[in-house]
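Visitor: Each chain, written out:
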Amino acid sequence: MAIRSCCFRRLPVVDVIKITAEPIDPAALRDTLFDDAAGAYCGFEGWVRNLNEGQRVLQLEYEVYEPLSISEGDKILAEAAARFPHLHAHCVHRTGLLEIGDCAVWVGVSSPHRDEAFQACRYIIDALKVRLPIWKKEYYANGDSGWVNCERCAQHGHAPASSDA
Amino acid sequence: MKTGAKTITVRYFAMFRESAGVSEEALTTDAATAADVFAATRDRHGSSEPLAHCKVAINDQMASWESEVSDGDTVLLFPPVAGG
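Residue numbers (numbering that gives the first Met the number 0), protein chains in the order written: chain U, 0 to 164; chain G, 0 to 83.
One-sided excerpt, in silico: chain G residues whose CB lies under 10 Å from chain U:
no., residue
1, Arg10
2, Phe12
3, Ala13
4, Met14
5, Lys54
6, Ala56
7, Asp59
8, Gln60
9, Leu75
10, Phe77
11, Pro79
12, Val80
13, Ala81
14, Gly82
A few chain G residues that don't get close to chain U, going by computed Cβ distances all over 12 Å:
no., residue
15, Lys5
16, Ile7
17, Ala25
18, Thr27
19, Ala31
20, Thr32
Counterexamples of contact, computed for chain G against chain U with all Cβ distances above 10 Å:
no., residue
21, Ala4
22, Thr6
23, Gly20
24, Glu24
25, Asp29
26, Ala38
27, Ala39
28, Asp42
29, Leu50
30, Glu65
31, Glu67
32, Ser69
33, Gly71
If you're looking for bench data, these hints aren't it; they were derived computationally from the structure. Since the model is a prediction, treat every value here as computed from it, not as a measurement. Ideal placement from N, C-alpha and C gives every residue a C-beta, glycine not left out.
Model the full structure from these sequences, guided by the hints.
Guide: Put into structure tokens, the structure is as follows:
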């Protein structure tokens, strides 16, 4: 965990990553980043979209290996805090079955000025995608299914990912 | 390099688990490295992915394919990830 002291609230500030099987509520999560010293907030939401590689996608299923997703996520948050100093950063990733339009991942950063919020948010989402042990299975309208990014080891695999996250 | 027969636990995830038909199993092997474990279980996970596209962890710590494996270790084989 990236732990810093916040000089305004004099409380330890902990950046956290969570894995959840419940729907993500970006508005409620955004509120957790409020800080009197924050002049900027940058949030990213990755949504499940209905088309990938020309195939109509009906549902997505995420498999998450939580122990290492949390520990690797903590490292990413600490890296982001060191590179782009900010006030607070949190992220949440879904597991389980998701429908079209569902929020699959949320990243939020607050900071005094916008540059650090944009940069930290971008760093975190880009790193999460390639480093966390999370896998995505797509279910298609034609009845097929496939693990994304696993085209050489799956009969029906497809890449790239079907959410923009 | 540590050589000789050892018993390890191999855990499969996502596509690898579906190919193997089990989420984990014991393996008695003379594999010295994580890469050796990947090769020794190829008929289980069924993957022809380049190692660079996959990841490995040993005892819940991210590891490299060159990492040595020891008797009693749990080796986690991760197919290409697709979070976000």
